[in-house]
Amino acid sequence: MFDILKSKFQYLFEEELIKEIASIGTLKVIEKNQTIIDIGDNLQYMPLVIDGAIKVLSENEEGNELLLYYLEMGDACAMTMNCCLRGQKSSIRAISEKDTQLILLPIQKMEEWIIKYKSWRAYVFESYDIRLKEMLDTIDSLAFHNMEERLYKYLKDKALVNKDGHIQTTHFDIAKDLNSSRVVISRLIKNLKDKGKIRHHRNYIEIIELLPND
Numbered sequence: 357m358f359d360i361l362k363s364k365f366q367y368l369f370e371e372e373l374i375k376e377i378a379s380i381g382t383l384k385v386i387e388k389n390q391t392i393i394d395i396g397d398n399l400q401y402m403p404l405v406i407d408g409a410i411k412v413l414s415e416n417e418e419g420n421e422l423l424l425y426y427l428e429m430g431d432a433c434a435m436t437m438n439c440c441l442r443g444q445k446s447s448i449r450a451i452s453e454k455d456t457q458l459i460l461l462p463i464q465k466m467e468e469w470i471i472k473y474k475s476w477r478a479y480v481f482e483s484y485d486i487r488l489k490e491m492l493d494t495i496d497s498l499a500f501h502n503m504e505e506r507l508y509k510y511l512k513d514k515a516l517v518n519k520d521g522h523i524q525t526t527h528f529d530i531a532k533d534l535n536s537s538r539v540v541i542s543r544l545i546k547n548l549k550d551k552g553k554i555r556h557h558r559n560y561i562e563i564i565e566l567l568p569n570d
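Numbering (the numbering used here), first residue to last: 357 to 570.
If you're looking for bench data, these hints aren't it; they were derived computationally from the structure. Mixed in with the good hints there might be a few duds.
DMTMM-like, lysine to aspartate or glutamate: derived pairs with alpha carbons at most 25 Å apart [said to hold, decoys possible]:
hint	residue 1	residue 2
1	Lys551	Glu504
2	Lys384	Glu467
3	Lys509	Asp520
4	Lys532	Glu418
5	Lys362	Glu372
6	Lys551	Asp513
7	Lys546	Glu505
8	Lys551	Glu565
What follows is a list of derived Cβ distance ranges for each label pair [as the list claims (entries may be wrong)]:
hint	residue 1	residue 2	range
9	Leu488	Asp394	19 to 27 Å
10	Asn502	Asp529	17 to 25 Å
11	Phe481	Asn502	31 to 39 Å
12	Lys519	Lys489	17 to 25 Å
13	Ile395	Ile360	24 to 32 Å
14	Lys375	Pro568	37 to 45 Å
Glycine is no exception: its CB is placed at the ideal position from the N, C-alpha and C atoms.
Input sequences plus hints: build the corresponding full structure.
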């Protein structure tokens, strides 16, 4: 595991920290669409993404989900860090966006490493900053953008995370992530198609501006 970590994090963490992560971390491979952390879980580990992508969602009292942000290689979830450091149950749901490789780090090490390793302390603070900005973008989208704009941003973000202009998803799954209805999403996808922003196929959607030039 040390070699994997060093190839991914040698410019982010000092070697002593990489060695410690390799000695106590648990390497795990998660298939697409698997729940990694659920709301209300007692957190024993914090996931560090090595490869793949994870989507992080919140849930309101009625059980409606809302996509907050994605985690990719090298990312850690700031909300999970916060719960770990404060000894609270998880307030988010984390689901693998595609096949994902991650390392599970014992929560007992979170606070210790903040004091022990300068690079880990900087990593934690930067993670808070990045995730906060992404959450503010989500709030801004909810408050000031209409649903069609939110849908198009969602599709582009999903394509960028998966590094593919072809998005394999369903109207139901999109509606769930955006806290909308399948009927509304189907209508808006037709609008985006009519405007030339996407191509809609039976099993996937293409984001035209992200496709290679013909």
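Verification of the hints:
1. Lys551 with Glu504: holds, 11 Å
2. Lys384 with Glu467: At roughly 23 Å apart (the allowed maximum being 25 Å), Glu467 and Lys384 satisfy the hint.
3. Lys509 with Asp520: Judged against 25 Å, a Cα distance of about 15 Å means the pair holds.
4. Lys532 with Glu418: The hint holds at about 13 Å.
5. Lys362 with Glu372: holds, 11 Å
6. Lys551 with Asp513: holds, 19 Å
7. Lys546 with Glu505: holds, 13 Å
8. Lys551 with Glu565: Status holds; Cα separation ~12 Å.
9. Leu488 with Asp394: 19 to 27 Å: holds, 23 Å
10. Asn502 with Asp529: 17 to 25 Å: 21 Å Cβ-Cβ, so the 17 to 25 Å window holds.
11. Phe481 with Asn502: 31 to 39 Å: holds, 35 Å
12. Lys519 with Lys489: 17 to 25 Å: Hint holds: Cβ distance 21 Å, inside 17 to 25 Å.
13. Ile395 with Ile360: 24 to 32 Å: holds, 30 Å
14. Lys375 with Pro568: 37 to 45 Å: Holds: the Cβ-Cβ distance is about 41 Å, inside 37 to 45 Å.
The structure is consistent with each of the numbered hints, conforming to all of them.
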